[in-house]
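Top to bottom, those sequences are chains X and R. For the first sequence, my numbering gives the first residue as -5, with consecutive numbering after it. For the second sequence, my numbering gives the first residue as -5, with consecutive numbering after it.
One thing to keep in mind: the hints can contain errors.
Which copy? The list can't say, so a pair holds if one copy fits it or any two copies do.
Pairs of lysine to aspartate or glutamate, DMTMM-like flavour, derived with a Cα cap of 25 Å [claimed, not checked]:
hint : residue 1 : residue 2
1    : K134      : E176
2    : K134      : D245
3    : K249      : E172
4    : K134      : D149
5    : K134      : E160
6    : K249      : E168
7    : K249      : E238
8    : K134      : E172
9    : K249      : D105
10   : K134      : E198
11   : K134      : E168
12   : K134      : D248
Simulated from the structure, these hints should not be mistaken for laboratory data.
Protein chains: 2
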Amino acid sequence: MTPTIGVFDSGFGGLTVLRALIERMPQARYAFLGDTARLPYGSKSRRTIARFAAESAQFLVRDQGAEFLVIACNTASALALDAIQDAVSVPVLGVIEPGAAAAHAASRTGDVLVIATDATVHSHAYTAACRSLGLRAFEKACPLLVPLVEEGWIDPSTATGNVTAEVIRIYLAELTAEAAAEDLNPDVLLLGCTHYPLLRPLLEAAVPAGVRVIDSAQAAAQAAVQIIDGRLSPASAVAAPATEISCFATDSVDKFERLGSRFLGRPVGQVQLVDLGG
Amino acid sequence: MTPTIGVFDSGFGGLTVLRALIERMPQARYAFLGDTARLPYGSKSRRTIARFAAESAQFLVRDQGAEFLVIACNTASALALDAIQDAVSVPVLGVIEPGAAAAHAASRTGDVLVIATDATVHSHAYTAACRSLGLRAFEKACPLLVPLVEEGWIDPSTATGNVTAEVIRIYLAELTAEAAAEDLNPDVLLLGCTHYPLLRPLLEAAVPAGVRVIDSAQAAAQAAVQIIDGRLSPASAVAAPATEISCFATDSVDKFERLGSRFLGRPVGQVQLVDLGG
């Protein structure tokens, strides 16, 4: 029986979560929805985000038959997970708790650095999730990293990649100095934005010695696969049917199709436009 | 008689236009509205942008008594100037035609480079406005410049300013190579985004010799002042009453208050939240 898994983001950054899911569970049908007409969620009120996210979740469950939902959007995970769980009757997993759990598993000192967008940092959702696991988290917003990824300035061997490396160096120097001033001794850098996995090589080259890079996208995919079917293994996947992916967006299909493959690691194919209302 | 001038933007970048207006016409009352709850306009349809812009214009005219409107937003100027003119009974000026006219006045070769956001470039509004004046324009989207300005990485004497200088060097090298491949011989760089005046020193240091930097914000302010009152002069302003500024936003008052003074060149004071509906 091939499961249908719905993956939701306000944009298309969540394709990195879909990519991580496919790597772990290729024998599935995936429906991905980017609510691109109404992004960015980060500047909107909790009530508005909850309504948008609930409508998007209902599209994936009712119209696409999703039996499991992964909320591959940090803002929606932080502010609307309850509203989504109320809106649909299937299991729903966000990215924040799995990210915090992976940081907990990786950290020996109990101190964690988190980088994310402005909106995610202001929600303090990672700090709360880390605290509930006994971790101290220190968060920093890195607003330039999403546009740098969307410009494709990510190859360390080029002049544009060098710009991104320097931006990362500046952000991490500020972050580690600020954390040290608070007497933290971090050994984990948690990537709290679905765009950041594309910067992983640059980030790993820039972190201080002894700091491990942990990725919410990978952590969420791993947690989802454990919940969906503990029996599936890479070995069983070899003989499985091909992965089936359907991508939907509420606007900006061009940008989605143009940039999406970079996030997904394979062609996204034709993105279907859907109208969820204003 | 002190005129009341309404200035509208989807965000707060248009404060650079307000700043240029105040420099030229300090003896006036200004009402600035940033429709921050519904930005970015760039990813929305022409019909939606026209509705948002018309509602915003009506707020400035009906509720704030503006007798003249400056649309300090490139996207709204490109896609909704007609709709705004239909919605209100006062004179309305956008930023694009004054920018093109200033480029026309400055250029000897008739070839113009334009840098702007993705949305403005895709509208091709500057190309059309330049063409109607007999200019050839070559446009390039520079999506990293707005976030770099909003991060405040604009001081050439710092490491962060050096990042921005390198980003500008890369964009301008690509732009001039692309324009040369089309046999253009440009002698003007037109800044088609209200954020870019904050980068003027970095841009002037980076343009090839013989290329002048022309700024839509300055050009629009100059055109507005000529229309509003040809008799006002800097000399008459010395004895004039103090400038009066009221700033309004539909959301994100914090960010507006925090960053706005950098754009306006003086404190923006308390920003009042207004609700224009969804």
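Tell me, please, which holds for K134 and E160 at an alpha-carbon limit of 25 Å: within, between, both or neither? Classified as both; 17 Å inside a copy, 24 Å across copies.
Given a CA cutoff of 25 Å, do K134 and E198 count as a within-copy pair, a between-copy pair, both, or neither? Within. Shortest intra-copy distance 17 Å satisfies the 25 Å Cα cut-off; inter-copy 32 Å does not.
Indicate which option fits the pair K134, D248 if close means a Cα-Cα distance not exceeding 25 Å: within, between, both or neither. Classified as between; 18 Å across copies, 31 Å inside a copy.
When no copy is named, should K134 and E172 be tagged within, between, both, or neither for a Cα gap of at most 25 Å? Intra 9 Å, inter 38 Å, cutoff 25 Å: intra-copy only.
Between K134 and D149, at a C-alpha cutoff of 25 Å, which is it: within one copy, between copies, both, or neither? both (23 Å within a copy, 22 Å between copies)
How would you label the pair K134, E168 (within, between, both, or neither) given a Cα cut-off of 25 Å? So K134 and E168 pass the 25 Å test inside one copy only (9 Å; across, 32 Å).
Checking K249 and E172: alpha-carbon separation at most 25 Å within a copy, between copies, both or neither? This pair counts as between: shortest inter-copy Cα distance 22 Å, intra-copy 36 Å.
Is it within a copy, between copies, both, or neither that the alpha carbon of K249 lies no farther than 25 Å from that of E238? Close inside one copy (22 Å), not across copies (42 Å); limit 25 Å.
As a check of your reading, is K249 near E168 (CA-CA no more than 25 Å) within one copy, between copies, both or neither? The answer is between: 21 Å across copies meets 25 Å, while 32 Å in one copy does not.
Within, between, both or neither: K249, D105 at alpha-carbon 25 Å: neither (38 Å within a copy, 29 Å between copies)
Using 25 Å as the alpha-carbon threshold, which applies to K134 and E176: within, between, both, or neither? within (13 Å within a copy, 44 Å between copies)
25 Å Cα cut-off: does K134 pair with D245 within a copy, between copies, both or neither? between (30 Å within a copy, 23 Å between copies)
Hint compliance for this structure: hint 9 is the single one not met.
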